[in-house]
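Could you build all of it, start to finish, from the sequences and the hints given here?
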Amino acid sequence: MQTYYPLFTAIPLAAAFLNLLLSKISMKVSDYIAFLVTGILAVMAVRMLFEAPFIYAVGNWRPPLGILLVSDGLSSLMLVIINVIGLLAVIFSMKYMTTYTAKPKYYSLFMLMIAGMNGVVITGDMFNLYVFLEIASIASYALVGFGTGKRELEASFKYLVLGGVASTAILFGIAFLYSITGTLNMPDLAQQLETIGMTRTVGFVVALFIMGFGLKASAVPFHAWLPDAHPSAPAPISAMLSGVLIKALGIYTIMRIMFNIIGQNELISAIIMFLGALSMVVGVLLAVGQSDFKRMLAYHSISQMGYVTIGVGLGLNPKIDPAVAALGLFGGLFHLVNHAVFKSCLFLCSGAFEYRTGTREKHEMGGLVRKMPVTSTTCSIASLSISGVPPFNGFWSKLIIILALIKAGYWIYGPIAVLVAFITLISFIRLQTGVMFGKLPEKFSGVKEAPFAMTLPLILLAILCLGIGIAYPWIDYGLLQAARDALLDKMAYMNYLIGG
Amino acid sequence: MILYFLSMVLLVMGLYCLVAKKNIVKKIIGIVIIEYSVNLFLVLVGYRSGGIAPILVKGMQAEELVQKGVDPLPQALVLTSIVIGLGTMALMVALCLRMYEKFKTFDMSKINTLKG
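Chains A and B supply the protein sequences, listed in that same order.
Under the working numbering, the first residue of the first sequence carries the number 293, and numbering increases by one thereafter.
Under the working numbering, the first residue of the second sequence carries the number 1194, and numbering increases by one thereafter.
What the hints contain is simulated information worked out from the structure, not anything from laboratory work.
The beta carbon of each residue, even a glycine, is placed where N, CA and C say it ideally should be.
Keep in mind that the hints are not guaranteed to be accurate.
Mimicking DMTMM-like on lysine to aspartate or glutamate, the simulated pairs with C-alpha atoms at most 20 Å apart in a straight line are [to be verified]: (1) K442/A with D1300/B; (2) K740/A with E656/A; (3) K442/A with E1294/B.
Here are some chain A residues the structure puts well away from chain B; computed CB gaps all over 12 Å [stated by the list, open to error]: (4) R443; (5) L711; (6) P765.
Example chain B residues on the side facing chain A (calculated, C-beta under 7 Å, incomplete) [said to hold, decoys possible]: (7) I1222; (8) I1224; (9) F1234; (10) L1279; (11) T1281; (12) M1282; (13) M1285; (14) L1290; (15) M1292; (16) K1295; (17) T1306.
Written out as C-alpha cells, the structure is:
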C-alpha cells in the first residue's frame, strides 16, 4: 500500500482530464468514470487505516531536499472522510446533476477538488500544501458558480475574492517561514522552529496562517463567503464543501501546522478557542432566522465548525492537564467526523427535496413526510444528530467537548457550548415542522419519493449517524485516538525527517 | 530592506484597490497586484546582492557557487505561484464576463442579489 500513496492525488487528477476527453465520445461515460475513481479511492482510503505511519519520499530524494508525503493517524482519518463522502456525493450526483447541463465538466471539477483535498492531507511539504490547496480552492470556486445564475455568479465571485486574499496570506506566511528557516519540509520546519522559538516573525506567521486558513475554515470574522457560497452550489457540492472542504483546507491545516510544526502554545490556543466560541454563537444566532433551507444549513456549518475549533484550541493549551487537553482534542476530532457525516446528509436531503419540489424555501414546503418518507426519515435522523440528541453521534462529541471545557476550567465557554446546542435544537425542530410535518400544500400533491441513486447515499449516511452514536459507549474509536496521538506527539512528527 | 518594504506597499495598494473600487475589473486588478506583491516578496527571500545564477558552469568551483549563487528554490516557487495566479485570474475574468451578461453592469454596488 505504501508505494501507492501518491495515487491518492494522481488518480483523480488523471481522471479529471481523461473524463473530458472521453466524454467527447459518449456523455454517459463520465458517470462511470467518476463512480469508478471515487470508488477506488474510497477503498484505498479504508485500506490505509490498517497501515502503520510511514513516509514516502517523492522521486526518492532524501527528505529535507525532496517533497515528502506523510501518512499518520490524522491523514488516514481525513482521507477516509474525503473519499467516502466524495463517493456518496458522486452517487447522488448521477441523478441530481441531470437538471444541469455539462455534466462531464462538473465531474472533472469534482475530481480536481478531490485531488486537491487528498493532496493537502497527504503532503509533508509546505509549498506543496499551498499548491494543492489552490487546486481544491479553484475547483470549488468554479463549482459554486456552476449554475451560472445571478446568485451563483455573485456568490462565486465573492468566494473567489475572499479566497484569493486568504491564499495570498498563506503564501506570505510560507515565504516568511522559508526566510527564517530555509526549508519547506514540514518535519524539518518543526525541528528548526524548535531551536528558533516563538520570535516575533513566527508570531506574525501564525497570525497570517490563522487569517488564511481561518478563512478557508470560515471561522467567524472570516465567514462572510460561506452562507452565500454553500447554498449557491449544486446540492452534492454543498455537501462536499460543508462536509469536507472546510475541514480539509481549514481545520486540518490549522491542526497540522499549530500542533506539529509550531507546537502547543497558550496564546495561540486562546485565540483559536475565542474564534471557535465566536463562530458557535454568531453562526447559530444567524441560522435561526433563515427561511432558505440550504442557507440555514450553511450558517449551522459555521456554528458546528466552532465546536471543532474550540476542541482543537483546547488541545493546543500546554498549561492545562494533558489528559484534559487530549480529551478536548479527541472531542474536536470526533465532532469533525460527525459533522462530515450529518451535514453532508442534510445537504443531500435538501437537494432531494429541491429535486422533487423545486423549492428551497421552508415555508413553501410542508407535510412532505407522507410523500417522501425515506428522505424525510434520513433528514430527521441527521437533524437529531446535529442538535445533539442522544443516542445519535452528535450528542457524544458535543458532550465530550463540553466536559473537557468544564474540566479545564473554562466556565464561560462550557455553558456557551450547551446554550448553542440548545438553540441548534430549536432551529432544527422548526425545520422539521416546516418541511416534513404540517399541511401538505396543494401543488405538491403529486410529489414522489426521490430516485434510488439519491436515497442510497442518504440511507448510508443516516445509518452512519445512528451507528457511530450507538456504538460509541462500547467501542473505543482507535482511529480517532491515533489521529489525536499523531497531533499531540510533535517529536514523532519531527522524526519523520530521518525516516520515521 | 527598502525592497521588502516596497513589496509591502504594493500589497497595501492592492488591498486598497480591492476594497475601495466598485468596478469588478478594478477589483480583479487589485487581486492581481496583491498576488504579485507576494511573488516579489518570495523572490526577494532568495535574493543576494552581487549574486550569480545558481548554475554550475565549466571551470567553476562548487564553493564559489555556494558563496555567490542566489537561492534557486524561491524562484521555482514563484514560477509555480505565477501559474496558479494565472489560473485564478482566468477564472475571475470568466466570471466577470458572465456577470456582465447577467447584470449588464460592472458596478459591484448594483450587483446585490445576495444578503451577505
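Violations among the numbered hints: 4, 7, 10, 12, 14
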